[in-house]
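Asker: Take a look at the letters that make up each chain.
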Amino acid sequence: MPYRANMMVCAGTGCVSNHSLELKQALEEEIQKRGLTDEVQVVPTGCNGFCGAGPIVVVQPDGIFYQLLKVKDIPYLVEEHLLKGRPVPRLMYVPPEEKTPIPKMNDIGFFKGQMLVALRNRGMIDPENIDDYIARDGYRSLAKVLTTMTPDEVIGVIKASGLRGRGGGGFPTGIKWESCKKAEGDIKYVICNADEGDPGAFMDRSIIEGDPHSVLEGMAIGAYAIGVSQGYIYVRIEYPLAIQRFRIALKQARDYGLLGDNIFGTGFSFDVDIRRGAGAFVCGESTALMASVEGRPGEPRAKYIHTVEHGLWNRPTCLNNVETWATVPVIILRGVEWFTSIGTGDVSQNPWGGSKGTKVFSLAGKINNTGLVEVPMGITLREMIYDVGGGIPKGRKFKAVQTGGPSGGFLPTELLDLQVDYEQLTEAGSMMGSGGMVVMDEDNCMVDMAKYFLTFTQDESCGKCTPCREGTLQMLEILKRICEGKGVPEDIQLLEDLSHFVIDASLCALGGSAPNPVLTSLRYFRDEYITHIRDKKCPAHICRDLNVYTIDPELCLVKGHGCGVCRRQCPDSAIVGEKNQVHNIDQELCKKCGVCLDVCKFDAVKVA
Amino acid sequence: MPKLNLEDLDKISEWRRRTTMLREGAGRAKVTVHMGTCGIAAGARKIMDALLRLVEENDVKDVILTTSGCAGLCSREPMATVELVNEAPVKYVDLTEEKIGAIFREHVLGGRPVLEYALALGSERTQ
Ligand SMILES: Cc1cc2nc3c(=O)[nH]c(=O)nc-3n(C[C@H](O)[C@H](O)[C@H](O)COP(=O)(O)O)c2cc1C
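Heads up: the protein sequence lines correspond to chains A and B, in order.
Everything in the first sequence is counted per our numbering, starting at 1 for the first residue and increasing by one.
Everything in the second sequence is counted per our numbering, starting at 609 for the first residue and increasing by one.
Derived by calculation from the structure, the hints in this document are not laboratory data.
Misleading hints may appear alongside valid ones.
Straight-line alpha carbon distances no greater than 20 angstroms define the calculated DMTMM-like cross-link-like pairs of lysine to aspartate or glutamate that follow [claimed, not checked]:
(1) Lys638(B) <-> Glu39(A)
(2) Lys611(B) <-> Asp38(A)
(3) Lys619(B) <-> Asp137(A)
(4) Lys638(B) <-> Asp38(A)
(5) Lys104(A) <-> Glu615(B)
(6) Lys611(B) <-> Asp137(A)
(7) Lys251(A) <-> Glu632(B)
(8) Lys104(A) <-> Glu691(B)
(9) Lys33(A) <-> Asp616(B)
Stretch-level coverage of chain A by chain B, calculated; a stretch enters the list once three of its residues show a Cβ under 8 angstroms from a Cβ in chain B [claimed, not checked]:
(10) 12-24
(11) 124-132
(12) 139-151
Beta-carbon label-pair distances, calculated as ranges [said to hold, decoys possible]:
(13) Val693(B) <-> Asp152(A): 35 to 45 angstroms
(14) Asp618(B) <-> Lys394(A): 47 to 57 angstroms
(15) Lys669(B) <-> Asn262(A): 26 to 36 angstroms
(16) Asn262(A) <-> Lys619(B): 30 to 40 angstroms
As the structure is a computational prediction, the values presented were derived from the model and not from experiment.
We treat Cβ as the ideally placed atom computed from N, Cα and C, and that holds for glycine.
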């Protein structure tokens with residue numbers, strides 16, 4: 001019997017930790033109780049991207065989107081929607097500051113502005129079932145290249161498509177493949193970079209968890225084009241579900257003969273193994289990654305030796321990012337013309353000429369719709385933040401957005417109409433990176449944010465080269481000093497000089513990009529540094545040492561009747577005052593913890 | 609397990625698409641059975657069962673069956689709406705298993721609405 005409805009239950013990491021697997025079981029039980037087992041199928045899917053609304057269930061064919069579900073909602077949902085055919089408004093998504101629920105997934109702003117290429121099977125297939133992937137044209141591109149195209153033709157298509165690496169560098173994929181193919185040596189490798197070390201980023205994890213075969217198919221196509229019979233996936237051990245989905249996918253593909261010897265009877269053989277990394281940020285860097293796969297410490301080496309010639313075990317190696325690999329099959333199937341119609345610039349002469357296709361971003365920070373989105377290249381930051389991201393919560397004002405992960409730059413309000421593409425982001429002092437996007441509002445202090453991200457990159461610096469190891473450390477010390485009110489006017493120049501020195505002299509792009517947050521905050525938010533240094537003030541009141549807490553006597557007495565809560569809660573006994581009398585803060589004793597501000601119900605505590 | 613060849617890939621794809629097509633909501637035809645309390649009381653369940661059987665027996669791969677609530681015309685239940693791609697939806701009323709069989713053959717498969725069972729051509733606007 002055919003099914004009349006599919007309940008697509010999100011089983012991405014976010015929804016699973018919000019109990020979506022219990023939800024799935026409850027659904028199955030309820031469906032059985034109602035005698036609908038033959039009509040309604042429950043399908044676990046990869047991440048839908050709208051993680052803030054999880055756990056999510058989408059009912060197909062109607063595309064009704066249910067969010068924030070609990071096990072206790074299930075009986076009613078099954079009875080109303082599946083039995084009586086009445087979708088349940090109270091379980092639907094309601095946009096912030098609106099009242100009317102939106103029933104259909106594709107009408108929700110978050111989904112409407114998106115264009116799914118790398119995530120084409122998101123929410124549509126069971127990632128543990130290869131047949132689902134095949135039903136949506138899976139492995140058709142591999143069949144096409146193996147039976148109808150020469151390796152050079154494949155490379156020609158990828159070059160003409162203008163596809164550029166989605167892992168950080170934005171290097172044209174076709175050119176990389178071509179160099180690796182031309183490199184001397186009989187044994188060559190392809191590697192998938194699934195290290196994904198950017199804090200808060202989960203683009204790659206989501207692709208693997210939701211559609212592992214798309215990555216394998218891309219790798220097989222690349223392997224054929226370059227002349228490779230062995231591939232590796234380098235994935236961090238903190239991604240257990242991704243590793244498991246890869247393992248299942250590998251087994252299913254081997255069982256079908258889509259990996260292994262003599263694929264489709266064409267004589268082409270290719271297989272893939274998984275290598276697990278311990279999760280160091282630097283191990284995402286190409287040469288450190290290859291060292292780690294070989295079992296050596298993950299440290300980069302100088303760039304003048306190219307990995308496409310001397311990579312893994314000194315053999316020619318082509319490394320691409322998860323999203324890059326996952327995009328390859330679609331380009332083969334739908335063609336160059338389609339792919340180049342999306343995005344900016346002109347790649348007809350050379351692949352560096354533009355940014356084509358789509359890019360996956362993880363939206364985080366002060367934004368209503370946190371989650372994972374795939375958008376066409378060339379979308380403006382404004383569209384991204386306000387249309388897809390749903391704007392800033394609690395009506396606060398936008399201040400900056402950081403693109404490209406922890407070493408991306410901060411872009412201010414004046415640049416909201418900037419188009420998201422490789423060149424424009426770099427020109428503005430930031431980068432595409434692997435697709436992190438962190439939104440900051442008026443309550444964020446930009447000096448503090450620069451310090452925060454530099455703390456991460458400093459911590460993750462492997463220590464092999466001095467400029468990165470020592471340079472980032474000294475920069476961090478200066479930033480800490482400024483935030484503590486001990487900055488001197490010369491610090492600004494010193495920070496700028498050190499930044500350029502670290503960028504120019506570091507061995508790899510970790511040091512080469514780590515100063516970006518500092519440089520862009522100096523470029524676009526210089527006055528905040530000056531206020532910290534000259535006035536010893538933090539305009540956002542984030543840098544506690546610069547805050548002065550006082551009590552408004554009027555409010556304390558008239559509204560609060562000298563309630564004394566602040567006095568009792570102050571850990572340093574810095575507040576004095578009799579019950580029912582005005583209270584006061586002794587500035588000598590105050591350690592600026594801010595507890596009084598938090599506990600006063602009458603807004604009598606002021607911070608300046 | 610034997611290795612897949614190109615025809616096998618097509619076969620798996622075609623067979624599996626029956627299930628996955630549903631998720632895309634993109635069939636050639638969509639049949640909606642109105643299953644509000646009134647519809648269920650009037651026998652909508654039987655209509656749905658009959659449709660599921662017809663799809664199975666005729667090995668149809670591009671038709672989506674779905675349900676909706678009360679269509680607001682409770683006295684004429686059971687009701688169903690047939691929508692072919694790019695054509696106006698047709699509402700059928702006072703259905704029986706025989707009638708739905710004829711509608712399935714003539715309209716869903718043949719593309720010719722069965723006017724004698726139809727309430728009216730067209731439908732109120734749906735999203
Ligand atoms: C410190 C550092 C971390 C990196 N982390 C990653 C990562 O997690 N994933 C990734 O794909 N690329 C990462 N890269 C970029 C890789 O070195 C390389 O450019 C990329 O994997 C190539 O694939 P692509 O051309 O498909 O983007 C990192 C680079 C640096 C310098």
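Asker: All hints, please: hold or fail.
Answerer: Hint-by-hint comparison with the structure:
no.: 1; hint: Lys638(B) <-> Glu39(A); verdict: holds, 16 angstroms
no.: 2; hint: Lys611(B) <-> Asp38(A); verdict: violated, 31 angstroms
no.: 3; hint: Lys619(B) <-> Asp137(A); verdict: holds, 12 angstroms
no.: 4; hint: Lys638(B) <-> Asp38(A); verdict: holds, 19 angstroms
no.: 5; hint: Lys104(A) <-> Glu615(B); verdict: violated, 37 angstroms
no.: 6; hint: Lys611(B) <-> Asp137(A); verdict: holds, 18 angstroms
no.: 7; hint: Lys251(A) <-> Glu632(B); verdict: violated, 27 angstroms
no.: 8; hint: Lys104(A) <-> Glu691(B); verdict: holds, 19 angstroms
no.: 9; hint: Lys33(A) <-> Asp616(B); verdict: violated, 37 angstroms
no.: 10; hint: 12-24; verdict: violated (count 0)
no.: 11; hint: 124-132; verdict: holds (count 4)
no.: 12; hint: 139-151; verdict: holds (count 4)
no.: 13; hint: Val693(B) <-> Asp152(A): 35 to 45 angstroms; verdict: holds, 41 angstroms
no.: 14; hint: Asp618(B) <-> Lys394(A): 47 to 57 angstroms; verdict: holds, 54 angstroms
no.: 15; hint: Lys669(B) <-> Asn262(A): 26 to 36 angstroms; verdict: holds, 32 angstroms
no.: 16; hint: Asn262(A) <-> Lys619(B): 30 to 40 angstroms; verdict: violated, 20 angstroms
The structure shown violates the earlier hints numbered 2, 5, 7, 9, 10, 16.
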